[in-house]
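Using the sequences and the hints given, assemble the complete structure.
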Amino acid sequence: MTALRSAKTRAPSTLGRRMIVLVPYLWLCIFFLVPFAIVFRLSLSQTAIAQPPYLPVFDPAAGWEGIRDFFAALSLDNYRILFSDTLYVSSYLKSLQVGLLSTLILLVVAFPIAYGMARVPRRLQPLLLMAVILPFWTAFLIRIYAWINILQRDGLLNDVLQTFGLIGEPVTWLASDTAVYIGIVYSYLPFMVLPLYAVLEKMDESLLEAAADLGCPRWKAFWLVTVPLALPGIAAGSLLCFIPIVGEFVIPDLLGSSQTIMIGQTLWTEFFGNKDWPVASALAMLLLCVLIVPIVVYQHMQSKVLERGR
Amino acid sequence: MPDRQLSDAESAIPGRPPPLVRFASVSRRFGPVTAVDSVSLDIARGEFCALLGPSGCGKTTLLRMLAGFERPDEGRVLLDGEDITDVPPHRRAVNMMFQNYALFPHLTVEANVAFGLRQENMPAAEIRPRVADMLASLRLDGLEKRKPAQLSGGQRQRVALARALVKRPKVFLLDEPLAALDKKLRSETQFELRELQRKLGMTFIVVTHDQEEAMSMADRIAVMNRGSIVQVAPPRDVYEHPISRWIAEFIGEINLFEGVIDSTGPSGTWVDTPAAGRVHTPNEVPARKGDNAFVAVRPEKVLLAPFDSDPGAYNSASGTLVDVAYLGDTSVCRIKLDRGGFMRATITNARRRGGEPVAPGAHVALRWEPDSALVLVR
Ligand SMILES: Nc1ncnc2c1ncn2[C@@H]1O[C@H](COP(=O)(O)OP(=O)(O)O)[C@@H](O)[C@H]1O
Ligand SMILES: [Mg+2]
Numbered sequence: 004m005t006a007l008r009s010a011k012t013r014a015p016s017t018l019g020r021r022m023i024v025l026v027p028y029l030w031l032c033i034f035f036l037v038p039f040a041i042v043f044r045l046s047l048s049q050t051a052i053a054q055p056p057y058l059p060v061f062d063p064a065a066g067w068e069g070i071r072d073f074f075a076a077l078s079l080d081n082y083r084i085l086f087s088d089t090l091y092v093s094s095y096l097k098s099l100q101v102g103l104l105s106t107l108i109l110l111v112v113a114f115p116i117a118y119g120m121a122r123v124p125r126r127l128q129p130l131l132l133m134a135v136i137l138p139f140w141t142a143f144l145i146r147i148y149a150w151i152n153i154l155q156r157d158g159l160l161n162d163v164l165q166t167f168g169l170i171g172e173p174v175t176w177l178a179s180d181t182a183v184y185i186g187i188v189y190s191y192l193p194f195m196v197l198p199l200y201a202v203l204e205k206m207d208e209s210l211l212e213a214a215a216d217l218g219c220p221r222w223k224a225f226w227l228v229t230v231p232l233a234l235p236g237i238a239a240g241s242l243l244c245f246i247p248i249v250g251e252f253v254i255p256d257l258l259g260s261s262q263t264i265m266i267g268q269t270l271w272t273e274f275f276g277n278k279d280w281p282v283a284s285a286l287a288m289l290l291l292c293v294l295i296v297p298i299v300v301y302q303h304m305q306s307k308v309l310e311r312g313r
Numbered sequence: 174m175p176d177r178q179l180s181d182a183e184s185a186i187p188g189r190p191p192p193l194v195r196f197a198s199v200s201r202r203f204g205p206v207t208a209v210d211s212v213s214l215d216i217a218r219g220e221f222c223a224l225l226g227p228s229g230c231g232k233t234t235l236l237r238m239l240a241g242f243e244r245p246d247e248g249r250v251l252l253d254g255e256d257i258t259d260v261p262p263h264r265r266a267v268n269m270m271f272q273n274y275a276l277f278p279h280l281t282v283e284a285n286v287a288f289g290l291r292q293e294n295m296p297a298a299e300i301r302p303r304v305a306d307m308l309a310s311l312r313l314d315g316l317e318k319r320k321p322a323q324l325s326g327g328q329r330q331r332v333a334l335a336r337a338l339v340k341r342p343k344v345f346l347l348d349e350p351l352a353a354l355d356k357k358l359r360s361e362t363q364f365e366l367r368e369l370q371r372k373l374g375m376t377f378i379v380v381t382h383d384q385e386e387a388m389s390m391a392d393r394i395a396v397m398n399r400g401s402i403v404q405v406a407p408p409r410d411v412y413e414h415p416i417s418r419w420i421a422e423f424i425g426e427i428n429l430f431e432g433v434i435d436s437t438g439p440s441g442t443w444v445d446t447p448a449a450g451r452v453h454t455p456n457e458v459p460a461r462k463g464d465n466a467f468v469a470v471r472p473e474k475v476l477l478a479p480f481d482s483d484p485g486a487y488n489s490a491s492g493t494l495v496d497v498a499y500l501g502d503t504s505v506c507r508i509k510l511d512r513g514g515f516m517r518a519t520i521t522n523a524r525r526r527g528g529e530p531v532a533p534g535a536h537v538a539l540r541w542e543p544d545s546a547l548v549l550v551r
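Quick note, the sequences are listed as chains A and B, same order.
Residue numbers for the first sequence follow our numbering, beginning at 4 and rising by one.
Residue numbers for the second sequence follow our numbering, beginning at 174 and rising by one.
Among these hints, one or two may not hold up.
Stated by the list, open to error - With a straight-line Cα cutoff of 27 Å, these simulated DSSO-like cross-link-like pairs (lysine-lysine) come out:
#  : chain 1 : residue 1 : chain 2 : residue 2
1  : A       : K307      : A       : K223
2  : B       : K318      : A       : K223
3  : A       : K223      : B       : K320
4  : B       : K474      : B       : K509
5  : A       : K205      : A       : K307
6  : B       : K356      : B       : K320
7  : B       : K357      : A       : K223
8  : B       : K320      : A       : K205
9  : B       : K320      : B       : K357
10 : B       : K343      : B       : K357
11 : A       : K278      : A       : K307
12 : B       : K318      : A       : K307
13 : B       : K343      : B       : K372
14 : B       : K372      : B       : K356
15 : A       : K307      : B       : K320
16 : A       : K205      : B       : K318
Think of the hints as simulated: they come from the structure by calculation, not from any bench.
Given below as structure tokens:
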């Protein structure tokens, strides 16, 4: 009897709930699936000197015949090009290398910062949090230009190093991988610090005391207790940094050398320089495939964490 | 490590085994707060000792100094004759059960219990049977692969016990071990802990703010107030012979009457109280005629008698019964005394039928044996 009534009263609310669930799906559909389909279709086309600069163009006026011609003209040629030219493969590898190494550096730099933030007296924590977020208040591009200033031959960094007698001759920082790593680590630091801080701040300090009580020295407790408990934050922060870093364009373009080119720059050149939209789209599709791997791994980890919570 | 030279007063009393644990005038301050104020306490091997006191009196801080998480600002901590004041926690042969249990959430029950043995670099073949034995003896077998989040409160508590006990510490420290359990489980666990301690012959120090818990488990209770130990005695003595008014009021219910000492000596003490008249107790107190004192008598030692009966050698007062609180096993009567003030008397409900023996509004006499009353001068 009561079950019946409650089922009745729930009916409209399930409808409402479905509508609410629909909103993110609709959002995903419009802003992800549709653009994805467009890019995928472009990657199967051929470049052409025309407006738009690719073939075939879908012509609804041609009717059934037109649709058949359209599909017949699609091909995987662009993907073949990507694998035949070492330029593309090497820029993929370069991007992955930069992505992995900078994520690793970010972890090493961000962990002590986040750990310190989580351990200072609680009333100081909002202040430090503010300090981490503060750089976002200046435009990203301006901050990168500032780095050009710092890193150039007669820039701040060389000045300081020379003043302290650490170097004799000015060092060329700009237009090197080092500059790219500095720029990336600087720009992405908040994205690594914040998720780490979130997990470390929640961590119960008595767990470390319990470890010590059971005979575990502090350095070992860090590896046996702190790191495993920070794992969700480590995963989130790494993903949050790794994915955009692999596709990074502005930082390597402004701070890096023209010798090492990341996939973002290759994409840009294909799209705006060579006006080859189909090859650029194929590049983008492959990039997506590469990046899906860590996302799937992360999803898998998340569901395991959720299971454990229950 | 060289032992610090102990002064004569501090060294062991001849004829008694040396204490396993010794706090020698330890103090610990947090800014302006003196959490532990010059505490000295000896605990014997195999003893079950309780640190009892109100919240914030420094019990946990004292315990943490033995575990090594707080360093005393003054004084020394000795374990088995060895000065361990400067030994870090991971090298002390004591283990602690934390108030929130502090189980590792990312490890299974089995891995939690094995954690301490792994730190001793014990071979896995030796760890496995020891962990299994421990889990079985605490009725945790079958839960080995669970994570702490998948356990009930009582199970978590037993995992915390197992994790510390499997290390076979010289001293086992328990900080409010039962506080997170519900009432029924709490009283069962009290007896289990007591039994466990007897079986293992291990030294237990338990911190609690619950007097019932301390009384039911401990061989000896150290009562703490504001960072100091105010009395150390077996449960019965703490209850029957509290040495100060504060302790008398902190442990159990008690009736207190302010008065002035008339005489004290080997034959007992006479106190004149405005509320209960002239009261006689058999004990001598360190006070002189004219000093202020309190007469203390527990409610269960006060008898209700017909108003006009003969008091004989008993102390006596009279008043009007105001109300009776029926608690099942006992009833608590509140009596407004004729000469001012209130008094409580507990009566045992030994019969099932018949209602209350006295009704509110009745004029009654209150009697208690001279031996039941205490004179407190502090
Ligand atoms: N880490 C600390 N920092 C500052 N004050 C503390 C700290 N630990 C304990 N105290 C203070 O010391 C006093 C005793 O605390 P505690 O030993 O936890 O008492 P109990 O366990 O008897 O409730 C309290 O006033 C408490 O506020
Ligand atoms: Mg406490």
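Against the structure, the hints:
At roughly 25 Å between alpha-carbon atoms, A/K307 and A/K223 fall within 27 Å of each other, so this suggested pair holds. For the suggested pair B/K318 and A/K223, the alpha carbons sit about 24 Å apart, so the restraint of at most 27 Å is met. A distance of roughly 22 Å separates the Cα atoms of A/K223 and B/K320; the hinted pair therefore holds under the 27 Å criterion. Pair hint B/K474 plus B/K509 holds up; C-alpha atoms about 17 Å apart against a cutoff of 27 Å.
Taking the CA atoms of A/K205 and A/K307, the gap is near 19 Å; set against the 27 Å cutoff, the hint holds. For a cut-off of 27 Å, the pair hint linking B/K356 to B/K320 stands: about 25 Å separates their Cα positions. Of the pairs offered as hints, the one joining B/K357 and A/K223 is violated, with about 40 Å between alpha carbons and a cut-off of 27 Å exceeded. A hinted pair counts as satisfied when its Cα atoms are at most 27 Å apart, and B/K320 with A/K205 qualifies at roughly 18 Å.
Annotation: proposed proximity of B/K320 to B/K357 holds, straight-line Cα distance about 25 Å (limit 27 Å). A distance of roughly 30 Å separates the Cα atoms of B/K343 and B/K357; the hinted pair therefore is violated under the 27 Å criterion. A hinted pair counts as satisfied when its Cα atoms are at most 27 Å apart, and A/K278 with A/K307 does not qualify at roughly 45 Å. For the hint pairing B/K318 with A/K307, the CA-to-CA distance comes to about 15 Å; that is within 27 Å, so the pair holds.
Distance restraint check for B/K343 and B/K372: the Cα-Cα separation of roughly 15 Å lies within the 27 Å cut-off, and the hinted pair is therefore satisfied. For the suggested pair B/K372 and B/K356, the alpha carbons sit about 25 Å apart, so the restraint of at most 27 Å is met. This hinted pair checks out: A/K307 and B/K320 have alpha carbons roughly 13 Å apart, not beyond 27 Å. With a C-alpha separation of about 25 Å, the suggested pairing of A/K205 with B/K318 holds against the 27 Å cut-off.
Figure legend: structure checked against the earlier numbered hints; hints not met, in rising order: 7, 10, 11.
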